[in-house]
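> So you can see what is in the structure, the chains are spelled out below.
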Amino acid sequence: MKYKAIAATLLAAVGFAGTVAAQNEQFIPANFYWVGPYAPGGSGFGGGMIDYYAMLNERDGGINGVKLTWEKCETEYNNARGVECYERSKKKGPTGATVIHPLSTGITYSLIEKATADKIPVISMGYGRTSAADGRVFPYIFPLITTYWSQATVMVKYMGEKAGGMDKLKGKKIVIVYHDSAYGKEPIPVLTDMSKQYGYDLTTIAVPHPGNEQQSQWLQIRQIKPDWVILWGWGVMNPTALKAAAKVGYPATKIIGVWWSGAEEDVIPAGAAAKGYISAGFNAPGSDFPVMKEIQKFVYAKNKGEFEDKSRFGSIYHTRGVVAGIVTSEAIRVAQARFGKGKPITGEQMRWGIENLNIDDKRLKELGAVGLMPPIKVSCLDHEGSGLVKFQQWDGAKWKVITGWMEPDRKLVRAKVEEDAAQYAKEKGITPRDCSREK
Amino acid sequence: MLYRESGQFKSNYSEDQQIFPIRQDRIAIGVLLVVAFLVVPLVGNQYWLSALITPFLILALAALGLNILTGYAGQLSLGTAAFMAIGAFMAYNAELRIPHMPIIGSFIIGGLCAAAVGVVFGLPSLRIKGFYLAVATLACQFFVLWAINRVGWFSNNSSSGVITAQKIVIFGYDVVTPAGKYLLTLSVVVVMALLAKNLMRSETGRAFMAVRDMDVAASVIGIPMMKTKLLAFAISSFYCGVAGAMYAFCYLGTVEPEAFTLDLSFRVLFMIIIGGVGSILGSFLGAAFITLFPIFLNRGSEWIAEAMGVEISHAIVSNLEIMIFGALIIFFLIAEPAGLARLWQITKEKLRLWPFPH
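So the protein lines, in turn, are chains A and B. FYI, the working numbering numbers position 15 of the first sequence as 15, with every residue one higher than the one before it. FYI, the working numbering numbers position 211 of the second sequence as 211, with every residue one higher than the one before it.
Among the clues, some could well be false.
Lysine to any residue pairs mimicking SDA-like chemistry, simulated, CA-CA at most 25 angstroms apart [claimed, not checked]:
1. K67/A / A305/B
2. K162/A / K225/A
3. K181/B / R88/A
4. K67/A / K181/B
5. K304/A / G309/B
6. K92/A / W48/B
7. K341/A / D60/A
8. K416/A / V151/B
Residues from chain B that keep clear of chain A, each with C-beta distances beyond 10 angstroms, as calculated [claimed, not checked]:
9. Q18
10. D25
11. I98
12. A116
13. V135
14. I170
15. A193
16. G205
17. A210
18. S313
19. I322
No wet-lab data here; the hints were simulated from the structure. Yeah, the Cβ is synthetic: ideal placement off N, Cα and C, and Gly gets one too.
Modelling step: build the complete structure from the supplied sequences, incorporating the hints.
And the structure:
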């Protein structure tokens, strides 16, 4: 009898604690990759995002009292495993998965329909399907901050600036060396369109996955003698490209990398060959931003950080993950403000939150992230929200930001986005939303 | 005691020739099918159905295709993923370009296109064998992916080369739920597995095995080499093509050519090596081992870490998973080189004698 009573009390206590904890939690899956050739990107980005959530939990007790929780799942940068992780994580937590960061263009593609059907927003920050920026056709997909196409136009703009005006690009030779995958092929239509507009010669050279053999590609580049080379690589392909360029005598200062080719992990293995190499970025590296100091103070000082190797703190991938954390938690805040402060929100409410996200300069200052990321204003029409890109240069020891935030060619990008989205809508029989009716 | 054929008399030829001659086997298969068709869709949750069982069935079908070629006809191939890619992209194109195309029709078109390519790349098998043939099929793997990447027609000129599978409609009914997709996959796999099982008992199957065991002897006793080998390539590629189409339509939904890399070809090859070369059951066991086991290891290590109350870094868990998996593959290959199917066979023999082994 006595034991029964004790057991009952215990059960009740456990049950009670369980429900209390469950009610005030916001679950965010951390489906990234910690093993394999792309592990630096996955663990860095994932680490930054988790570090930011951990800091919010430690400093503010979550968002309006709602603790952020997460669970890691290994996707191996593999579509099938990514889908498995998504299915595993989508029902966890009191309200299911809030939002998914797939961190892989391939997985993003695989999730577009599944997540839309499940009403779980997908944030593909700086990767994924560019035309998802048209929120009328892709209500649940958010290629936030900036897309591949915006980036491609900014790259051409940068080259124009260096040449002394966009009209000076006429007759220039530009080569794009790309990872032969959906990711690598994404910018080619935009670069081709711009080549017609500005009159430069574009040569596209594919590098088969994983890209650890590029001798013939760079010999071809040596024959072409281009004015600029755009490097659209990923993982081991990047340092290999820089080394191969040095071998054929092509200067690193004439190579512009995409933001997935512009992390410390991409240049350090190339050694001296990487010095002077330029890359684009939508986040700046560094540990001096106030928000990074907060993470240092509330997380790392208590030995709770994600990185065992402290030198990765403030690296490109790490701050990119922090930016992802900021975007996610700010959207949760927006959604809570509408659907009930201090309560966990559902994926559907989160979708509204992201769509109405507005991180202006003032808010950036409050967050301590001025210069770390550009201001963002998302809308039903525009799921990109910013489009701004910065350039940075590797000086042999660290990345130095060399430009301010640069504007993309919005008109060109938007026209192509709408064209591609309309084709998708037609193929799938989707009627685009009427944005004037959204509230 | 329970599993014994004594007392089961065959009184005519058709009884003697049935697929499962032992009554207990028939009952077991019947129960398995009832469970698979009725119980699993009711009991299984979304995660199990769409993330574990459906991909397992699809890859089992691909492994079955490779097993017909490698296990039964003795022709080593590394082009499985390429045939799957052809199936996926051609089924997509069939749905896209032919109005009112039923989905099963698209799967068959995907399979037939894969079979046609399989025959072309099977031609070298008439002159070369073993590892050299594997290299020739490797060319197929690279060529097909290259062609799909380069020729815009395959992906309907999508700038990124990605295809999005169309809605599955069967008799005006939209198959969107995981259970619906699972049942569709299961039906296709069961029918094709049954066909394969029967094929292997037929004259064609026996010709395949004769070629596998010694092709000179086979040609001496009058088995046409060219027809048999090319037929093996065609049937095998057809199976792989249908598996690829289902991989796109029933599982991933949106597919880029990179989903069908050499890596996948190797995985399917490992499936039949682990499961059992030259065995229908082995294809299923191998697929289960290769696709499901890493996920169980991954989750299992999480549970163990939780139960023990220790916090293990996620990177270590992920790496451990790969190491344990690799070690287990080596263990199985040493303990039972003929694969898991052989283990099952031994169990069956032991069961027949149980409880009085002599």
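> Determine for every hint whether it applies to the structure shown.
These are the hints, each one checked on the structure:
no.: 1; hint: K67/A / A305/B; result: holds, 23 angstroms
no.: 2; hint: K162/A / K225/A; result: holds, 18 angstroms
no.: 3; hint: K181/B / R88/A; result: holds, 18 angstroms
no.: 4; hint: K67/A / K181/B; result: violated, 37 angstroms
no.: 5; hint: K304/A / G309/B; result: holds, 17 angstroms
no.: 6; hint: K92/A / W48/B; result: holds, 14 angstroms
no.: 7; hint: K341/A / D60/A; result: holds, 14 angstroms
no.: 8; hint: K416/A / V151/B; result: holds, 21 angstroms
no.: 9; hint: Q18; result: holds, 37 angstroms
no.: 10; hint: D25; result: holds, 33 angstroms
no.: 11; hint: I98; result: holds, 15 angstroms
no.: 12; hint: A116; result: holds, 25 angstroms
no.: 13; hint: V135; result: holds, 17 angstroms
no.: 14; hint: I170; result: holds, 17 angstroms
no.: 15; hint: A193; result: holds, 22 angstroms
no.: 16; hint: G205; result: holds, 31 angstroms
no.: 17; hint: A210; result: holds, 37 angstroms
no.: 18; hint: S313; result: violated, 7 angstroms
no.: 19; hint: I322; result: violated, 6 angstroms
Consistency note: the structure conflicts with the earlier hints numbered 4, 18, 19.
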